[in-house]
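Chains as they are written, first to last, in numbering that gives the first Met the number 0: chain A, 0 to 332; chain B, 0 to 332; chain C, 0 to 332; chain D, 0 to 332.
Just so you know, these hints were derived from the structure itself, not from any lab.
Remember, it's a predicted structure, so these values are computed and weren't measured experimentally.
It cannot be assumed that every hint is accurate.
[Said to hold, decoys possible] Simulated DEER-style distance windows between Cβ atoms: (1) D:Arg17 with C:Gly195: 46 to 56 Å; (2) D:Thr301 with C:Pro71: 24 to 34 Å; (3) A:Gly9 with C:Lys209: 31 to 41 Å; (4) C:Asp47 with A:Gly9: 49 to 59 Å; (5) A:Gly272 with D:Arg111: 44 to 54 Å; (6) B:Leu332 with A:Asn98: 52 to 62 Å; (7) A:Gly9 with C:Ala36: 26 to 36 Å; (8) A:Glu294 with D:Glu283: 54 to 64 Å; (9) B:Ala181 with C:Asp273: 30 to 40 Å; (10) A:Arg270 with D:Asn113: 31 to 41 Å.
[Unchecked claim] Here are the simulated DSS-like pairs of lysine-lysine, each with C-alpha atoms no more than 27 Å apart in a straight line: (11) A:Lys2 with C:Lys130; (12) A:Lys130 with B:Lys209; (13) D:Lys248 with D:Lys142.
[As the list claims (entries may be wrong)] Which stretches of chain B does chain A cover? Using the computed rule of at least three CB atoms under 8 Å from a CB of chain A, they are: (14) 28–39; (15) 140–152; (16) 321–331.
Yeah, the Cβ is synthetic: ideal placement off N, Cα and C, and Gly gets one too.
So the chains spell out like this:
Number of protein chains: 4
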Amino acid sequence: MVKFGVVGYGYWGPNVVRNLDRLDETKVVAVCDKSSAARRKVAKAYPDVLVTGDPTELMTSPEIDAIAVVTPVWTHYELAKAALQNGKHIFVEKPFTSNAAQAQELIDLAARKNLKIMVDHTFLFTGAVQKIKQLLQDGALGKLYYYDSTRVNLGLFQHDVNVVWDLAPHDLSIIDHLIQKAPEAISATGQTHLNGHEDVAFITLYFPDKVIAHINVNWLSPVKVRMTLIGGEKKMLVWNDLEADEKIKIYDKGVNVTSREGLYDLLVHYRSGDMWAPQIEQVEALTRELAYFVECISKDKTPVNDGESGLRVVRMLEAANASIRKRGELVPL
Amino acid sequence: MVKFGVVGYGYWGPNVVRNLDRLDETKVVAVCDKSSAARRKVAKAYPDVLVTGDPTELMTSPEIDAIAVVTPVWTHYELAKAALQNGKHIFVEKPFTSNAAQAQELIDLAARKNLKIMVDHTFLFTGAVQKIKQLLQDGALGKLYYYDSTRVNLGLFQHDVNVVWDLAPHDLSIIDHLIQKAPEAISATGQTHLNGHEDVAFITLYFPDKVIAHINVNWLSPVKVRMTLIGGEKKMLVWNDLEADEKIKIYDKGVNVTSREGLYDLLVHYRSGDMWAPQIEQVEALTRELAYFVECISKDKTPVNDGESGLRVVRMLEAANASIRKRGELVPL
Amino acid sequence: MVKFGVVGYGYWGPNVVRNLDRLDETKVVAVCDKSSAARRKVAKAYPDVLVTGDPTELMTSPEIDAIAVVTPVWTHYELAKAALQNGKHIFVEKPFTSNAAQAQELIDLAARKNLKIMVDHTFLFTGAVQKIKQLLQDGALGKLYYYDSTRVNLGLFQHDVNVVWDLAPHDLSIIDHLIQKAPEAISATGQTHLNGHEDVAFITLYFPDKVIAHINVNWLSPVKVRMTLIGGEKKMLVWNDLEADEKIKIYDKGVNVTSREGLYDLLVHYRSGDMWAPQIEQVEALTRELAYFVECISKDKTPVNDGESGLRVVRMLEAANASIRKRGELVPL
Amino acid sequence: MVKFGVVGYGYWGPNVVRNLDRLDETKVVAVCDKSSAARRKVAKAYPDVLVTGDPTELMTSPEIDAIAVVTPVWTHYELAKAALQNGKHIFVEKPFTSNAAQAQELIDLAARKNLKIMVDHTFLFTGAVQKIKQLLQDGALGKLYYYDSTRVNLGLFQHDVNVVWDLAPHDLSIIDHLIQKAPEAISATGQTHLNGHEDVAFITLYFPDKVIAHINVNWLSPVKVRMTLIGGEKKMLVWNDLEADEKIKIYDKGVNVTSREGLYDLLVHYRSGDMWAPQIEQVEALTRELAYFVECISKDKTPVNDGESGLRVVRMLEAANASIRKRGELVPL
């Protein structure tokens with residue numbers, strides 16, 4: 000049984016608390032939020048849980064083994080550091096920190112204290128991403144050509160960060176998980192229209208072996224789109240996360256190019272075959288992720304979404320922002 | 000009555016000939032193609048038309064008023080130049096030429112000879128683009144924020160150009176027509192996977208007044224997508240060209256941001272109202288475009304898709320390619 | 000403040016309790032369910048509510064003003080009767096009763112006792128149905144031609160009733176509400192495949208003035224469909240309840256037929272214009288319905304979904320079943 | 000080489016002529032149409048073909064082996080009879096004849112003369128129907144439960160027949176081909192709104208072994224729908240004919256019902272697995288059908304879509320109309 004304190008009960012916090020409350024291996028001991036309205040909601044829904052406005056109470060409580068930090072990104076570093084200093088494992092909302100130096104410091108601190116860091120890259124625990132991961136590992140798609148994600152909707156949710164820091168961490172963590180190679184460089188473009196933060200942005204990541212990734216994020220779209228194309232040498236897939244069923248469609252389609260010896264011409268042949276939509280497990284991703292966190296703590300395993308993974312995503316976010324400021328100039332990683 | 004010679008009877012040529020044959024104001028006098036198979040097809044379908052493998056026959060024929068050049072891009076300049084030198088108006092397949100210098104030379108030559116150039120930016124003559132143009136002119140969308148097009152499918156049709164030169168001219172000519180401002184600079188990224196030409200590419204165009212445009216072109220997509228998002232201050236629209244009906248949906252959605260005096264905070268208010276899909280005229284765009292070409296010749300009008308328009312698109316294509324070669328480096332225009 | 004006892008905490012009961020708990024004008028005093036597992040769930044979620052396995056406790060409690068009957072249909076009559084006899088208003092799950100005689104008896108009993116009956120025809124309180132109702136009332140569709148609903152999915156939820164009694168009450172109550180005329184007769188067909196109850200069925204209702212309604216219900220469909228076409232003289236609409244946004248699309252389409260005097264021929268002219276998707280209010284229908292129940296009780300108003308409405312739906316269900324048994328034979332109403 | 004005369008060059012005739020002109024094994028000798036405008040079109044498109052307004056010229060021409068009758072249904076019988084009497088094979092547009100007696104007479108006449116009849120049930124030659132046929136034959140779907148087709152659009156194309164005779168022959172011929180059992184009886188309902196012919200209709204066919212088929216046809220729908228659900232014990236499929244790709248989706252979904260001995264309860268278990276969209280051949284169905292007609296003539300084979308097949312469809316149409324007149328009354332077959 001891992002006992003949790005949860006800091007932050009805004010948009011995502013209630014989901015963390017609900018899952019920790021429901022899992023057999025976890026218990027919510029205390030919840031902290033600065034807002035009294037939020038605290039009243041906790042008290043009504045979870046009468047047995049300690050409610051407070053002061054995070055120090057959680058950090059110093061001997062009853063608490065792990066702290067979930069579910070607050071705005073600019074607060075992550077201080078809260079996570081205090082938790083680690085007090086010997087608590089941490090589960091931190093994405094993106095991990097506001098910059099790479101903070102992330103590195105937390106990683107080092109956790110290592111010294113022998114504590115676990117998990118960064119809440121929830122998408123890695125969805126049935127869809129796990130299926131794609133398996134298809135890539137099994138070689139079903141063949142050599143990877145590209146990853147191209149469109150993640151747009153109407154919503155200017157964040158006042159402190161731009162659309163890149165708000166929406167792109169999802170794709171960056173997925174790309175980091177699927178491609179398993181370090182990106183070489185990033186070029187990104189975007190524009191601010193309303194409040195001084197970029198509300199549309201387009202990010203290209205260059206990987207070794209001609210793998211390329213592209214992310215289109217937009218807060219000013221009249222329609223919600225969550226579509227990713229993944230092209231491989233053998234097969235290609237479309238992941239439409241808004242589909243209730245059939246989220247992933249795998250196409251036996253492709254292009255074969257053969258060069259005839261001594262000839263300038265290339266012979267291009269299109270393959271076109273069946274389409275196949277594998278059944279995707281419907282378990283809530285956050286449930287699976289938190290159970291995995293407990294497993295990592297109890298069995299002393301390193302999570303795939305550890306602090307290093309969080310740091311890699313933060314580095315990509317920093318590079319994307321730096322490139323946007325210079326209108327697409329390549330930023331090496 | 001304008002009498003045409005058509006050079007090129009491959010993929011698009013038959014559509015040009017069919018339309019010229021059907022229109023009351025035009026007549027096809029001769030068709031030229033290097034391929035004997037293509038020539039046999041012409042002879043079967045249009046027994047009264049002169050068929051030849053030698054373009055000079057068309058250029059020098061006193062019976063011909065205008066030449067349609069419907070051949071690969073690297074042949075446009077020579078054919079168009081010969082036609083103009085022989086006093087023929089020209090209708091040239093997109094992209095206009097292989098480089099800006101060629102385009103400029105043709106424009107100058109036509110001006111000296113008092114001849115018309117029309118570049119076949121067919122999309123400008125679709126009901127969809129004409130409706131969008133009208134909505135922008137009427138101010139229905141308010142101040143323009145962005146244009147974002149996804150134009151992907153399986154198809155490595157071209158051996159001499161990359162996916163940018165194959166697919167992006169559509170969007171670049173539409174953007175040029177809709178935005179009516181000169182782009183300041185282009186940043187583009189992409190990757191080659193199969194035959195040495197980029198098969199995926201992502202282009203960002205910076206315009207004055209914070210207008211940004213983005214084009215996603217891809218020859219390696221398992222699904223065909225033709226979707227453009229256009230965001231404005233008052234309204235936003237989605238143009239899905241693959242929809243049989245309801246190609247354009249206009250959303251009464253948006254974000255209002257008001258800053259409270261003396262306060263750091265911005266008040267963000269989402270508007271969400273009805274959606275409206277105006278009826279789009281279903282006339283074949285090429286029919287309308289060729290009738291307009293005749294009108295421009297007979298009334299001595301300058302086409303919106305004149306040589307200058309073709310040149311502007313070629314300059315953007317050159318800039319996009321230059322930027323891709325340098326992995327996103329900004330290329331001023 | 001209306002105080003409720005709720006009988007039944009299975010599939011739908013938790014939604015009723017959650018809404019009654021949340022509304023300012025209502026309070027849940029007690030919940031009854033035969034299943035101890037269900038009772039434990041209530042006790043955990045609502046510690047202050049009395050939990051019991053004996054409905055009589057609710058019927059006889061002086062603290063309770065109204066009883067919500069959220070149990071299988073064959074139990075409705077006994078429970079509702081007991082509630083009315085004890086002076087409680089009743090809110091009864093659809094379909095109202097197992098047969099028309101029971102419904103009539105409950106209506107008469109409520110009238111004598113001056114108590115309210117509301118039958119839970121939830122769909123009448125959705126934004127979509129309320130919008131359609133308004134469009135019909137305003138004459139926007141013109142004279143009504145037909146209502147055609149497809150309501151299919153995979154699911155053999157009921158052991159005691161067939162697919163008609165399970166799924167068709169939704170459409171029958173909507174039709175009753177929208178058309179505002181008594182149907183003349185019903186013809187229905189169907190087939191049993193698995194457990195002796197019809198799992199596919201097709202119902203036609205004949206109304207005066209050539210209005211026709213058709214309902215397609217199916218428990219053995221691999222895909223979920225919730226689509227209703229409504230045709231009128233002036234306009235037509237499609238209601239797709241599975242769309243997140245744009246549930247209702249109104250088409251300015253139609254057919255005009257004019258007969259030329261003395262001629263055999265009819266002149267048929269198609270109208271085709273814009274499509275329009277009005278914004279639909281997103282309030283939870285059950286919340287609105289229960290608030291309306293309180294209003295009917297406190298202001299002594301007759302609900303649109305009163306016992307008579309429930310009785311009309313039960314009569315249509317009985318007629319549909321009778322017709323299915325005789326393979327489509329017309330059953331007058 | 001089979002030489003054809005084609006009677007009728009209206010909506011469908013041009014497709015027949017184009018295919019006969021293109022196939023190696025067939026030749027169009029003459030085309031007949033009452034309309035001089037239609038005849039001019041033929042003359043322009045096919046300068047070598049004899050054009051006439053008098054069908055007798057075709058019937059009596061010694062150059063002609065087979066007559067294609069592509070005229071309104073009320074003319075089929077006279078034209079087909081004349082052709083057979085003159086020793087010509089016949090290819091007749093669907094539905095075969097205006098009534099069963101006419102069909103029987105033509106069948107008998109052809110048998111005596113040893114001539115072939117093919118009824119143009121084009122859909123049987125689509126890749127989609129051929130794939131479904133194969134899946135059923137291979138037992139992939141298991142025991143068939145139901146066939147349910149929705150075929151609706153805006154269009155009152157016919158002045159002499161109702162929507163049943165216009166649209167339902169497609170489904171009836173497909174059902175006849177797929178189910179391979181004689182239907183026992185038909186119940187149908189419908190309504191006239193505009194010109195005295197039913198413009199909406201709903202047809203149920205009862206087959207042996209609890210197989211049921213349902214057809215929804217409608218000329219007054221604002222949207223075009225071509226969707227067929229087919230349910231089997233092992234698998235279920237959706238055929239959406241408006242999809243460019245993925246016309247057929249096969250779902251590994253179903254319901255297993257097991258009864259526990261001595262118990263009232265049934266155990267219901269849902270199966271839910273992968274979805275699979277097989278590649279469908281894209282050959283034009285009419286091309287394949289006409290090539291097959293030639294093959295049947297030259298090899299003296301009986302077509303699957305012979306006169307008997309046409310007769311069976313006409314009998315079902317007659318039964319459907321009879322049932323509609325009596326508002327759903329069962330008509331045995």
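Hint check results:
Checking the proposed 46 to 56 Å range against Arg17 (chain D) and Gly195 (chain C) shows it holds: the Cβ atoms sit about 53 Å from each other. Separated by about 56 Å at the C-beta atoms, Thr301 (chain D) and Pro71 (chain C) break the suggested range of 24 to 34 Å. At about 56 Å, the beta-carbon gap between Gly9 (chain A) and Lys209 (chain C) misses the expected band of 31 to 41 Å. Distance hint for Asp47 (chain C) and Gly9 (chain A): a CB-CB separation of about 27 Å, inconsistent with the stated range 49 to 59 Å.
Distance hint for Gly272 (chain A) and Arg111 (chain D): a CB-CB separation of about 49 Å, consistent with the stated range 44 to 54 Å. Between Leu332 (chain B) and Asn98 (chain A) the Cβ separation comes to about 34 Å, which falls outside the hinted range of 52 to 62 Å. In this structure the hint that Gly9 (chain A) and Ala36 (chain C) lie 26 to 36 Å apart at CB holds, the actual value being about 33 Å. Between Glu294 (chain A) and Glu283 (chain D) the Cβ separation comes to about 58 Å, which falls inside the hinted range of 54 to 64 Å.
For Ala181 (chain B) paired with Asp273 (chain C), a C-beta distance near 34 Å keeps the hint of 30 to 40 Å intact. Between Arg270 (chain A) and Asn113 (chain D) the beta carbons are some 47 Å apart, a value that contradicts the proposed interval 31 to 41 Å. Proximity of Lys2 (chain A) to Lys130 (chain C) is assessed by CA-CA distance (about 49 Å); at most 27 Å being required, the pair is judged violated. As the CA atoms of Lys130 (chain A) and Lys209 (chain B) are separated by approximately 40 Å, the hinted pair breaks the 27 Å bound.
Taking the CA atoms of Lys248 (chain D) and Lys142 (chain D), the gap is near 18 Å; set against the 27 Å cutoff, the hint holds. Counting residues of the stretch 28–39 of chain B whose beta carbon lies closer than 8 Å to any beta carbon of chain A gives 0, which falls short of the minimum of three for the stated coverage. Coverage of the stretch 140–152 of chain B by chain A holds in this model, with 5 residues showing a Cβ closer than 8 Å to a Cβ of that chain against a need of three. Beta-carbon proximity to chain A at under 8 Å applies to 6 residues in the stretch 321–331 of chain B; the threshold of 3 is reached and the given coverage holds.
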